[in-house]
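Chemist: Just so you know, the protein sequences line up as chains A and B, in that order.
So that you can map any letter, position 220 of the first sequence is 350 in my numbering, and since no number is skipped, the others follow by simple counting.
So that you can map any letter, position 59 of the second sequence is 189 in my numbering, and since no number is skipped, the others follow by simple counting.
Hint data in this document are derived by calculation from the structure and do not stem from the laboratory.
Worth double-checking, as some hints may not be accurate.
In this list, chains with the same sequence are indistinguishable; a pair is considered to hold if it fits within one copy or across any two.
Straight-line C-alpha distance at most 25 Å; calculated BS3-like pairs for lysine-lysine [unchecked claim]:
| no. | residue 1 | residue 2 |
| --- | --- | --- |
| 1 | LYS183 | LYS407 |
| 2 | LYS363 | LYS407 |
| 3 | LYS159 | LYS462 |
| 4 | LYS509 | LYS261 |
| 5 | LYS363 | LYS140 |
| 6 | LYS261 | LYS200 |
| 7 | LYS163 | LYS399 |
Keep in mind that this is a model prediction, so the values were computed, not measured.
Next come the chains, spelled out residue by residue.
2 protein chains.
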Amino acid sequence: MTNSLSLKIKPHAAIIGAGRTNFGEQWYKDPEKLMIEAGINALESVDFGLGRKDIQACYFGSFLYQTTNKLGLVSGYMARELGINIPMNTTEAACASGGSAFYNACIAIKSGMYNVILVGGFEKMTDRFNKIIDDLMFAADPYEFDAGFTFPSLYASMMARYIHDYGDDQRCIEALAQIACKNHHHAVNNEYAQFRREITVQDVLKSPLVADPIRLLHCSPISDGAAAVILTKPELARKYTDAPIYVIASQQATDDVSLYTRESLTGIKVTRLALKKALDEVGISMKDIQIAEVHDCFTIEEAIFLEDSGFYEKGKAWKGIYESYESFKNSKHIPYVKDGKELIVNPGGGLKADGHPVGATGIRQIHECFIQLRGEAGKHQVDKEINLALCHNIGGTGGIATLHILTRDIYE
Amino acid sequence: MTNSLSLKIKPHAAIIGAGRTNFGEQWYKDPEKLMIEAGINALESVDFGLGRKDIQACYFGSFLYQTTNKLGLVSGYMARELGINIPMNTTEAACASGGSAFYNACIAIKSGMYNVILVGGFEKMTDRFNKIIDDLMFAADPYEFDAGFTFPSLYASMMARYIHDYGDDQRCIEALAQIACKNHHHAVNNEYAQFRREITVQDVLKSPLVADPIRLLHCSPISDGAAAVILTKPELARKYTDAPIYVIASQQATDDVSLYTRESLTGIKVTRLALKKALDEVGISMKDIQIAEVHDCFTIEEAIFLEDSGFYEKGKAWKGIYESYESFKNSKHIPYVKDGKELIVNPGGGLKADGHPVGATGIRQIHECFIQLRGEAGKHQVDKEINLALCHNIGGTGGIATLHILTRDIYE
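All chains should be built: construct the whole structure from the sequences, respecting the hints.
Modeler: Structure (structure tokens):
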């Protein structure tokens, strides 16, 4: 694999460090302090040392800092916290704010203007716990908000349609619950995760109904947290570490903010557009990917990704999920299996169990792939050798998606 | 000038089109519709033709769209309006959101990833007229908000200090009013401007006191509006137009969001940092600049810029302003003069008279320089030949600044 890849790929950037905070309820920490905590952790993770003054630009992603936290001009807060006066940029793309910040940071590395960039994502959602469901609806169409939709009910429309079209079988209902069980299972050994406990299919199916057919345990949680990574030019990476991780595909696609205008409720166009471009960029197929961070804001979205990506055929993901779960539920990680090929999705618990501080999620995904590819994920390290990881981050009901593919050591 | 410049400069990008809306109160237009109106105007301004499908990426800047307009995920709205699924990015940097979007778009052109980028800025401030002064305070420190400060009172602190330190003379008070008179005078012939009427020094000094010593006519207004420009790679520019405008310096600097931590109230560090880098990048001095779009959110900031930039010595801007105004107040444009060198600031009226829809301002400045450098500003065209223009956009009380230098035809 390594040699054949190295023929085609010119990396966008190299990741030389990554850090994060615990995800969960962090009542006593301001959002900018969470971001700096993750940033300092990322700096300190750089093997051969890197200080704040070495950073030449910053990219931050966050969604609700104005509405929920009453903050603006994030750059000014970060300049204060870091004590540096460099270019800093803040990107908002709903739940893909982190992925979008990372996408822009890769462009900035490619421009040649900077040697070292800090990229961060953060969200402090518990500041307005009782209103957060309304705040989140800024990522939907106002008509949807006015019609009484919330994000659970928007995704419930997708799930209901999926079950109606493809899932006339109790195993489909169970499979869409197994996704949550698998992600909780993966999070048990992830020291940063919000929910480090097992749940069963029965737990999911007996949990409170939020928006039929979505129940509480189909949903990712309300979370506080931040994550950060350090980027450099590929040719400079070994100045900072012996184990850089390379960004070999970086794509973004957009679509109408509203769900009601989509061609289909059981597929996400931005995922297909961005993923195809990302795979083409590297010259590989989905079958080559070994781990994938998938945007499982609700479990139905992980199932839909498995079909949008072509890993399973349209309408057949639930069968694949069911069979894989039944075969591997006692393993450390529960892979999806198709034609003997194994794909581990959300090895640290995903949005469902690791947590979903929305602006942080896209960077948390990069962080997870970084530590997995380096073999530094500790107790939740994937057991097999991996060299190709994918991050899929979407905003709203599919108004935007970012897709990144990471690899180890293509220059060996 | 042209030849000596061409030796040193490798442009970041070329501007091949620019468009905008009228600025002012636009009660019947949604913010995203304003943005699209400006974007379509920019596309249609490209001499040899360009359509929506030719755009490969978009960068948008806006400050208050969530809080004031209850919108998020701008990319999703724009994908709908434009009917394209390309990468789109939204940057928030308070009143420098437009400049920051432009800065990021220049980086994206430099990365080589895109041939044609649409960059836009927009703001719809009248949607929450009675609360907008609170919304704007998201660009300040919460301590300042809690202490009762508003943006007029923050800038009043600077103005009071400036007058205390340097202006023990009625002419200083008059000079800080003359800035408003000059910018209104410049806007009279600008068909897009919010205030197309002359005002006198006495009008300013008798206008209602907002925050001593700032009076109503020292302040830029609350505005709705949008502006857009089209960027391409320098080497492709002549495919689209015979008169491209080149971006030869692009800089951004950040500083603590709060005013109370600054070293001085009579200077803005981010302006000095970004401007020095911008001038060094081109290898010119401030004396070479012929027109400057300066961030005159309050008239004191235009005076402070003239000192931060070194055009006038520290504490001496008011004298220069006073003498220039008295000498040229009957001219079409009123330049600032120092040692025989003339600098025209805000030839279309600046934030004060053209209007200040905050996210749009940074792009409106680029638009103004684009039409001035091409000789297409119509009735408010600067009479002399110009080849170097500067855009200065700041956020908050100086938490961020972007600095861009534009030129004509360096490849002739």
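Chemist: All hints are to be evaluated individually against the structure, with a verdict given for each.
Modeler: Status of the hints after comparison with the structure:
Taking the closest pair of Cα atoms, LYS183 and LYS407 come within 25 Å of each other only across two copies (18 Å); inside a single copy the shortest separation is 36 Å, beyond that limit. Taking the shortest alpha-carbon separations for LYS363 and LYS407, both the intra-copy value of 22 Å and the inter-copy value of 22 Å come in at or below 25 Å. For a Cα distance limit of 25 Å, the shortest separation of LYS159 from LYS462 qualifies neither inside one copy, at 33 Å, nor across copies, at 55 Å. For the identical chains of this complex, LYS509 and LYS261 are neighbours neither inside a copy (36 Å) nor across copies (51 Å), given an alpha-carbon limit of 25 Å.
Taking the closest pair of Cα atoms, LYS363 and LYS140 come within 25 Å of each other both inside a single copy (11 Å) and across two copies (21 Å). Both within a single protomer and between protomers do LYS261 and LYS200 lie at most 25 Å apart by alpha-carbon distance, with minima of 13 Å and 14 Å respectively. Taking the shortest alpha-carbon separations for LYS163 and LYS399, only the inter-copy value of 24 Å comes in at or below 25 Å, while the best intra-copy value is 36 Å.
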